[in-house]
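Enquirer: With chain A held as given, fit chain B onto it using these hints.
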Amino acid sequence: MEDEQSFSDICGGRLALQRRFYSPSCLEFCLSCPRITLRSLTAVTCTVWLAAYGLFTLCENTMILSAAIFITLLGLLGYLHFVKIDHETLLIIDSLGIQMTSSYASGKESTTFIEMGQVNDVVINEAIYMQKVIYYLCILLKDPVEPHGISQVVPLFQSAKPRLDCLIEVYRSCQDILAHQKATSTSPEGGDKIISASNRRSHSGMGAYWHRQEDKSEQDHDPASRIGHSV
Amino acid sequence: MGLVSRGAAEAGRGAASAVDRPGPPDAVPNPTPTPPAEGADPGSSRSPGMVLKAFFPTCCASADSGLLVGRWVPEQSSAVVLAVVHFPFIPIQVKELLAQVQQASQVGVTVLGTWCHRRQEPEESLGHFLEGLGAIFSHRPWFQLCRERGSKSWSCKATHWQGPASPAASGEDQVMLIFYDQRKVLLSQLHPPTALPDRQAGDTTASAGGLAAVFDTVARSEALFQSDRFDEGPVRLSHWQSEGMEASILVELAKWAAGPVCLFLACLLSLISAASACRVFKLWPLSFIWSKLSTCEQLRHRLEQLTLIFSTRKAESPAQLMRKANMLVSVLLDVALGLMLLSWLHRKDLIGQLADALIPVADRVAEELQHLLQWLMGAPAGLKMNRALDQVLGRFFLYHIHLWISYIHLMSPFIERILWHVGLSACLGLTVALSILSDIIALLTFHIYCFYVYGARLYCLKIHGLSSLWRLFRGKKWNVLRQRVDSCSYDLDQLFIGTLLFTILVFLLPTTALYYLVFTLLRLLVVAVQGLIHLLVDLINSLPLYSLGLRLCRPYRLAAGVKFRVLEHETGRPLRLLMQINPLPYSRVVHTYRLPTCGCHPKHSWGSLCRKLFFGELIYPWRQRGNKQD
Chain A
1 MEDEQSFSDI CGGRLALQRR FYSPSCLEFC LSCPRITLRS LTAVTCTVWL AAYGLFTLCE
61 NTMILSAAIF ITLLGLLGYL HFVKIDHETL LIIDSLGIQM TSSYASGKES TTFIEMGQVN
121 DVVINEAIYM QKVIYYLCIL LKDPVEPHGI SQVVPLFQSA KPRLDCLIEV YRSCQDILAH
181 QKATSTSPEG GDKIISASNR RSHSGMGAYW HRQEDKSEQD HDPASRIGHS V
Chain B
1 MGLVSRGAAE AGRGAASAVD RPGPPDAVPN PTPTPPAEGA DPGSSRSPGM VLKAFFPTCC
61 ASADSGLLVG RWVPEQSSAV VLAVVHFPFI PIQVKELLAQ VQQASQVGVT VLGTWCHRRQ
121 EPEESLGHFL EGLGAIFSHR PWFQLCRERG SKSWSCKATH WQGPASPAAS GEDQVMLIFY
181 DQRKVLLSQL HPPTALPDRQ AGDTTASAGG LAAVFDTVAR SEALFQSDRF DEGPVRLSHW
241 QSEGMEASIL VELAKWAAGP VCLFLACLLS LISAASACRV FKLWPLSFIW SKLSTCEQLR
301 HRLEQLTLIF STRKAESPAQ LMRKANMLVS VLLDVALGLM LLSWLHRKDL IGQLADALIP
361 VADRVAEELQ HLLQWLMGAP AGLKMNRALD QVLGRFFLYH IHLWISYIHL MSPFIERILW
421 HVGLSACLGL TVALSILSDI IALLTFHIYC FYVYGARLYC LKIHGLSSLW RLFRGKKWNV
481 LRQRVDSCSY DLDQLFIGTL LFTILVFLLP TTALYYLVFT LLRLLVVAVQ GLIHLLVDLI
541 NSLPLYSLGL RLCRPYRLAA GVKFRVLEHE TGRPLRLLMQ INPLPYSRVV HTYRLPTCGC
601 HPKHSWGSLC RKLFFGELIY PWRQRGNKQD
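Going line by line, the protein sequences match chains A and B. full-length UniProt numbering puts the first residue of the first sequence at 1, with every later residue one more than the last. full-length UniProt numbering puts the first residue of the second sequence at 1, with every later residue one more than the last.
Pulled out of the complex, with its shape left as it was, chain A reads as follows (with noise of 0.2 Å):
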């Protein structure tokens, strides 16, 4: 089952949220990072070029043009294979794990997985970024050594950015699958997260996270009503 819809990111680009449904414990979600743009390719290319120009008239060496459409064209590929991010993609697999990954424009996929057992929760946390706060989607890690702290966040959709609402129908997902997975679980503890979760402490001091509530009737509630506050 497969269902798309489309959301915009802090910038205002537009992003195309894809979600399949594989079935009850297994769910995947795609975000589509806007593309690169015909204007702002031509307007790179465009000053490079001229500022090539500019210093071949003052050396009246040739060695500038030809160097100026060498570093465009490795420029071009290095930024289409090392930093343009087409889609992220997010699996998540009952009782085996979460699986991001990032497909970059020239093909290459880059793999994060984590199993069930590392993964403490799944929040949205806030974040103060340049002069704006933004919201942001992350996994909290378990910590070997003590078992309710949380060793380490790891931020998903970094390139995508998506806003609250794309990370809500996200974040809704996957607490349901969390949910199901803690109350099927053979560990002993798998009954008390369920009922501990609304007293979890807070990550970051400078954020606030979302409670999760097992009542699932309060999730038409306006979600600006939910922000809990830092500890």
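Just so you know, the hints here were simulated from the structure itself, not pulled from any lab data. Just so it is clear, the structure is predicted and the values come from calculations on it, not from any experiment. Warning: the hint list may mix true and false statements.
Pairs of lysine-lysine, DSS-like flavour, derived with a Cα cap of 25 Å [stated by the list, open to error]:
no., chain 1, residue 1, chain 2, residue 2
1, B, K563, A, K182
2, A, K108, B, K563
3, B, K384, B, K477
4, B, K612, B, K292
5, B, K157, A, K182
6, A, K161, B, K157
7, B, K477, A, K108
8, B, K477, B, K612
9, B, K462, B, K476
If you want the footprint, here are the derived chain A segments under chain B, 3+ residues with CB under 8 Å [unchecked claim]:
no., region
10, 3–12
11, 22–31
12, 111–124
C-beta atoms are modelled at their ideal positions from N, C-alpha and C, and glycine is treated no differently.
Expert: This is chain B only, laid out in the frame that chain A set:
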């Protein structure tokens, strides 16, 4: 269920053409209850709706029907299938084989369930037969995997026998199929993410359980994969098959000869290291020289590496094996580059040209230094120096340069011979040649080093004198006992003499400072050149080329983790995933497998370096350490 009790073997043999074997129907008919099993596992708690994971090798996806053999991991509720046992078989022999494998590999290999590769619609009788097999090989949960030939539709279920008390309530769990490439998982080595520095390494293994257990199982069950598909044993297995043994005679000979050659080389190397450790070389002048020359350091490092490579002890862990391989490749590359350098030098007869050019270059350097000193003795940069001190220092240094030039001219007939022998040492490796180059630079600029030491000592004395007299000027004193500055009452004549000396030193300061500045800059230039050479030598020494090559050509051998891909999914069918190896990024390969080196890193930070320069303390940023550190 007569099939189950006695005739399983005959029925199995009768079903030799397993290709046409229909499989059990999807809806399970309630089987006649048989008592569950010995080997049932009452401890595993089952929650309703739990999803079990079955790791299935891709090489068995087209195998004929049979039994699934593998390991059940209850903590992750996952089953790792290692092989498929085909019909016909005798259960006793299967159990014997599994016991053998279990003993050889310490892995709990059991029969996990049945595998069915059918072409047509299923038959009822075989369905019962396969169900009944669950009673012979009792295992909870009992898996039944089934695939239609020629299509991609799979079905699988796992059943739990509930026991005679509730015959109709044998529960079923959902199963998720995860395909894995057996050969790649067998050969790969998992690198867990780097632990945080304040954690012990042992703590993280607990959390890295899940997939590491799968890799571990497959890697340790190599004993199960020894049988070939053409073997005529009592039990026919289907699993990953190797392509065959190496048939090349040269490779076999090389393997056979490796043992004695290693032994011989190890003896030779131990002789050399014993000779170098003998008492003669520990006498004072020689030991001092050895510690200063970077060539000796490099040679010693290489000797240690070669001893490790050719030692007759086998490597205990994969990390040690990689280290040995990296060292061997590094030594070979070094020698190859050295030989290339040697051939290039000889082809263009560069050694003769170098020898001819060396003396004029040394002369030129000395001449430039003389000009510099003449400039300093005049009015350098318009500054007014103290005439008398200027002349004294300038003449002192000029005399030294004169000595130096005479010394160089004395050595000139022997230069070519020395250089030729030095060039020959390049066949020991490029790093040795570079170290010798660095040492030659140090020897040729020895006079600059001497000037720097003279200038620095003078300046240091002056600074200390100034600071102490400045304290006297203010009426204070340095208390050596308490290591602090105390006030003190001086006599009048003490104050008078102190102030006089202070004034003299202050007015002589610019001259000394200028000489110190000039020679320190020259010394820093030489040190920078030497530092670059050492950096290059360090790079060649420590780069793990074998690991990088392995990452390039066989990326599945070094695994950072796994990645999953969801295969075509139809509703009603189980979820199928493909597990692939996620290779280690190059930066982590270099970081994990770096070879230990002498470590010529500067010991000082920039701040402490500036402080030492200001106070005139001697700096040795690239000093070779006496005791080796990793």
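Enquirer: Now, for every hint given, state plainly whether the structure supports it.
Expert: Here is how each hint holds up against the structure:
1. B:K563 x A:K182: Between K563 of chain B and K182 of chain A the Cα gap is close to 23 Å, so the pair holds against 25 Å.
2. A:K108 x B:K563: holds (14 Å)
3. B:K384 x B:K477: violated (33 Å)
4. B:K612 x B:K292: holds (22 Å)
5. B:K157 x A:K182: holds (22 Å)
6. A:K161 x B:K157: Not satisfied, since the Cα-Cα distance of roughly 41 Å exceeds 25 Å.
7. B:K477 x A:K108: violated (70 Å)
8. B:K477 x B:K612: Since the Cα atoms of K477 of chain B and K612 of chain B sit roughly 23 Å apart, the hinted pair holds (cutoff 25 Å).
9. B:K462 x B:K476: holds (19 Å)
10. 3–12: Per the Cβ count (0), the hint is violated.
11. 22–31: holds (count 5)
12. 111–124: Coverage by chain B holds for the region 111–124 of chain A (7 residues, Cβ < 8 Å).
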